[in-house]
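**Q** So you can see what is in the structure, the chains are spelled out below.
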Amino acid sequence: MMSLFNINTVARFETKTLLRSWFFRIFAILILGFVLLFNIFGVAAIGDGGWPGRLLPSGGIYFNLWLLNIAQAIIAVFLSADFLGRDKKLDTTESFYVRSISNTEYVIGKTLGVLKVFIILNLIVLAISLLTSLISSEIAVNWTSYLYYPLLISFPTLVFILGLSFFTMTLIRNQAITFVLLLGFIALSMFYLKQKWYGITDFLGFYTSFMRSDFTGFGNEIELISTRSFYLIAGLIFIIATIWRLPRLKQNRFQNIKLGSAIVTLSIVGFLLLSIKVKNDTHNEKLRAEVQSLNSTLKPSAFKITSYTIELDHIGAKINTKATMEIEKVSTGSTPLVFALNPGLKVETISINNQTVDFSRKTHLLLIKSEVQTNETLQVTISYQGTIEDAAMFPDVTEELWTSSHRTDPLLASKQHSFITDRFVMLTREANWYPVIAKKQYWTSYPFTQMDLTVKTKPGLHIISQGKKENIAVGSCSFLPEQNLNAYSLVIGEFEHNSTNVDGTQFNLYHHKNHTYFKPYFSEVNDTIADVLKTMKDDFERKLGVDYPFDQFSLVEAPINFYSYMRNWNLSTENNMPGMVFFPENGGGTWSNDLGNTKERVLERYERSNDEVSEREKQVEILKTYLGNNFIKPSHFFFGRRRTSGRDIENWGKYQVFPQYFTYSNAIAENDYPLITIAIENYLHQQLSDNNRFGSRGLSSNDKVILKLRESSMNELIAKEDINTLGNVFASKGNELISNLKVNDVQGNFDEQFTNWIEDNRFTSIPLEGFSTDISRIGNTDFDAIYQNWLKQSKQPAFMFGSVDVYEIKEGNRIRYFTKLPVSNSGEANGIVSFTIREGRRGGRGGRFRSWFQMDDQSDNEQIFNIPAGTTQEIGFLLDEEPRRISVNTYLSINIPSSQNLAINNVDRETRQVDYFEGIRPSSAILQYKSDDEIIVDNEDEGFSVVNTGESRTIKDWWISIQDQEDDSNDYGSINFWSHPVKWKPIINDQYFGKYLKSAYYKRNGSGEGVATWKANIEQSGTYDVYAYVPHVRGGRWRGRHSGGSAATNYNFTVFHDDGQDEVVQKIDNDNNEWVYLGQYYLSEGSAKVELSDMTNGEWIIADAIKWIKK
Amino acid sequence: MKIQIQDLSQVYNNDFRALNKVNLEIEPGMFGLLGPNGAGKSTLMRILVTLLKPTHGEVFVNGLKLSENRADIRSYLGYLPQDFRFFAKLKTWEFLDYAGSLAGIKNKKQRLAEVDSLLDQVGLYDVRNRYANKLSGGMKRRLGIAQALIGDPKIVIVDEPTTGLDPEERIRFRNILSNLSQKEVIIILSTHIVGDISSTCRQMALLNKGEVHFEGSPEQFIDQSKGHVFKTNVSFEQMKVISDSYPVITSVPNADGYEIEFVANQDNGWTSTQVEPNLEHAYVYFMEYVANDKFQYQ
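In order, the protein sequences belong to chains A and B.
The numbering used here numbers the first residue of the first sequence as 1 and each following residue consecutively.
The numbering used here numbers the first residue of the second sequence as 1112 and each following residue consecutively.
Okay, chain A solo, but in the shape it has when bound (with noise of 0.2 Å):
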């Protein structure tokens, strides 16, 4: 028997001592300090804007515990792996050996002992933390979470990492080695391992999720729970296994024999609990494989739904259905009935013409085995219940995204697309509760149809779908369509609900009773909200074009837990479905939905502009600016950072309305991938874009695609390439097609009449023909024309542009402003090119978002010209201001950057008899690269070298180079103003010389071994100007004058010629002409050479082009 007694004992005194080491003390005040500090500015928000976690459903303890965890997991490696060092050093120790106790109660009381010290350690956390989130109130504290996450999180992390620090120490003897090995072993697992083996390393918890929901809870919590308990598990192993191990002879006799035996049991036991997660994974695999091949056999279908009668029962965590369906047959031939329904739910039976009829299922597949003849219509019913198998959603999506986390900046939360528990039900389309056609790809375009649905679930709980609600008893109604919808979706749970009418739509909003958080910050304009949220609509839709089709729109609080994908074929995730929006909880702890934060910066702008404005102005304007940055305009933070342009989910934001306004109402038939409609979407959705951030940096998402087009045409990289991939390549080609119908636009109307027919042909499948007619007509061209060379096109327009010349000049008694410049097409395809031209002085202020607004006043007119292949023009345009900016955008053509500005002229006020005109006209110029008597060795040719000398001073070097590295080294980027390259890195930027690729490179200053060569064949003997070219960098002004690019530079050149060479230092500032002048040399026939040192007085060098005239 163990004695209880002798366990307390050891364990007393270990705390004891624990708590009087310094080690401990000194660690134990930094997490708890940093712990207090992050509590009372990040989760109670005192001071300058909080952490916006804090507004996530128990993000507060979460985000405590996940911070202690990792700090708690390395303070017991040292202290454990101390434990039996200590009791090696200390030769007291066997004076308390001989005493009459037992290893088993030794071990046990030294273990709980430690324990004991850092459960204090997590009360003082869990203690700090209650009273941080009690003390804020801006969320309902959830109790039981004080009891879940310390169970969940810390103590199976602290048990494992004692147990395995103890035993390691035990087998190795040598604290120095053992601290070695287990503080890498957490490296090693949060660093690389991750998730890999099913996360078996996971054990701090790091890559778990943990994030509660207030409607759902975990969601998971069968997983969470085993997996948690498998790291107690291998904890108490590790444990008994130090017991078996402790350097002490042992008292009893059968010891061995119990220690195995429990170490046996024990590890069934763990083996069981880690089989749990290893079953649902693989299981998981299985079905996304099975239905992924079984879509990949599917064929056209000659069936059609007409309607939808569904009658779905929420019983418990089930759903118990029959849906009844008029089917069509709309082709000839006899090609079988098959439906995809999600294989959670079971069929019972089938009847066609109310005759059972026989079916097999295969995984999601629904296969009528009886042949049907007639074409008459059919009416189909069946009859399933069950749950959703979240894993045959989304079966296109990667293997690597699909196991992606789901951070929320960050924190963890598990990915669920659907939820069926008993108190709250949420599916969406892909969730495929309803039958549908399983034809070839019928996932990516769903046919418009209409539902009648009825619910019943329990009373008290709030069911919303689409269409017209009718109440028909306590806890049951029924919807009624307003229109054919290609999505369906029904959610259930107990919300608190507002509403508001504008302009005839009704405004929902469906919270969780608990959150309310952004109450307090709307208390005064109750009255205006409408009023607020039509002037935003009608701004949108004025922008957009088109109107909301829908009679409602609900925004409805999802579970934080609920996770969408965005796919290739539409804008539009999950999160949006017809006429609502889900929202995950509280704002899913995003800056955008940060009010604190937000209402701040709307003062902090009132402030500086010194307006005098009335409560309810602000709260008009935080307003605005919470539904703008949410849902209007969207924009991914992470704290406080603006992420990469792309055309990934963080960037597009799940929430934005637009997918509304097209997607769930406009559809091309089309029988392969729906081209034209994701054209047409695409193209939309640009009319939100502000072309405001030409001149970006590096590579943009076009760009990318231009050098993926390089090789293929569109079709060929649908054929070849992974489909994944293939949404930047669609967004640019779409953009490309629309834009390609406006060429012939001359009364510039062509949006508007396209917005039009896009209105007009709402809730049904356009066909192809119609489409094809109709935009003919519309744009003036050969639709079919367009697109089949579009669709095949594998060669690229290639562009130049001549200066840009401006003329004042007087037209009647106005002044005005004529521009022109020179365009020419070199490629060996026609090519379009955007110009937009901004006018006047610079102006506007403050506000992403406000911003965004304000440039619909200024109305960007952008102009799009065709320029046939092989041919110069002349574009003209006539300004009523001086030209500020000319942007021009050359969509695929091979030209890198494909946004770029333009340097336009100064303005030539005196010639007054100006050849002016407005569009577009040949031109007999010949626009070159570069004069007969010029050589000129860019960057891109072959002339070009570099040397790298990999030169790596300081461990930061060494740290930026495998950044470099990491960072796909081939791909162009930009200058990074904080940290540079150790070695020359290919840099884009319209700034930098190049013919129709505009590339340099770029490295940070060194010994001057690193040189760049420009070597060119002199064929002529004579008399040579050099220059160098050196682009002016705008931006990271603000490092001071001893930044590169800025102030003035040392560039140490080293001209080499017939006498010899010379170095020339020129000191470069951004009032410098970009060629810069080297001097005259006399160059015999044969090779030249200029060589630029990195060694500078700056931060960094460019080397971009070396030119050399003859004279």
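A short, non-exhaustive set of chain B residues, derived as facing chain A with CB atoms under 7 Å:
| # | residue |
| --- | --- |
| 1 | Lys1164 |
| 2 | Arg1181 |
| 3 | Arg1185 |
| 4 | Leu1188 |
| 5 | Phe1197 |
| 6 | Phe1198 |
| 7 | Gln1258 |
So these bits of chain B aren't anywhere near chain A, every CB distance computed over 12 Å:
| # | residue |
| --- | --- |
| 8 | Leu1276 |
| 9 | Tyr1369 |
| 10 | Thr1384 |
I should point out that these hints are in silico values taken from the structure, not numbers from a laboratory.
For every residue, glycine included, the Cβ atom is placed at its ideal position computed from N, Cα and C.
Fit chain B to the known structure of chain A by using the hints.
**A** Okay, now just chain B, sitting in the frame of chain A:
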């Protein structure tokens, strides 16, 4: 209470034979284990306190096999290791409290009373709140004996307890042990300092190179060397010769040279008088002539 040691051998991994077929019987009272450094005393002690498993042989405590009844036997034990210098971060009284708890005094009040009484007994009451690490060497040793004595052990084993103590501390230490020997307790004291034995032990054994060379009372031990201790006066030159040949125990310088005591089988022609031997003489005699067969001097 009785300890029987039968055929006890200990061979370490490096083939070093620390104990060789040791047979001893130990009765209550103070038992002195004498031997030079490296004789195997500590090994024997560590086997007796269950810290070490013997390679061969068995120890019986009150007829119980030590190897099979560690739980019971450990509950009889109090042990002061040879090195007793480094402590966990505990105060003097806490250290005793810990030892007392492990010795099985479950009642807190009783335990604290005993802690105080022992602290008083070993003269550490005034420093009871000082961290044990901060005590002086002598104090540490006294704390060591206190922790060995807490919980009324039936067997107290102290390994080289007086090494490094100043005479005053050493006397104090011997007194504490003597007081204890009034009770029915076995006290085993290992030492290489002869004086520790002479003043306290009724029984003793002499261990050398892992073997027992003598077992009995200190008087019997002294008797063995009767007639082998001589006293003489030697000149400076003679001193060199004689100290090369015989162990010289004392040498007091005088005008012509030294007055010395030396140990030998016979006086071998030196003009000398016989001296009544004490334990020290006996030890030297024994080590030189019995244990080591060192007759090469003659």
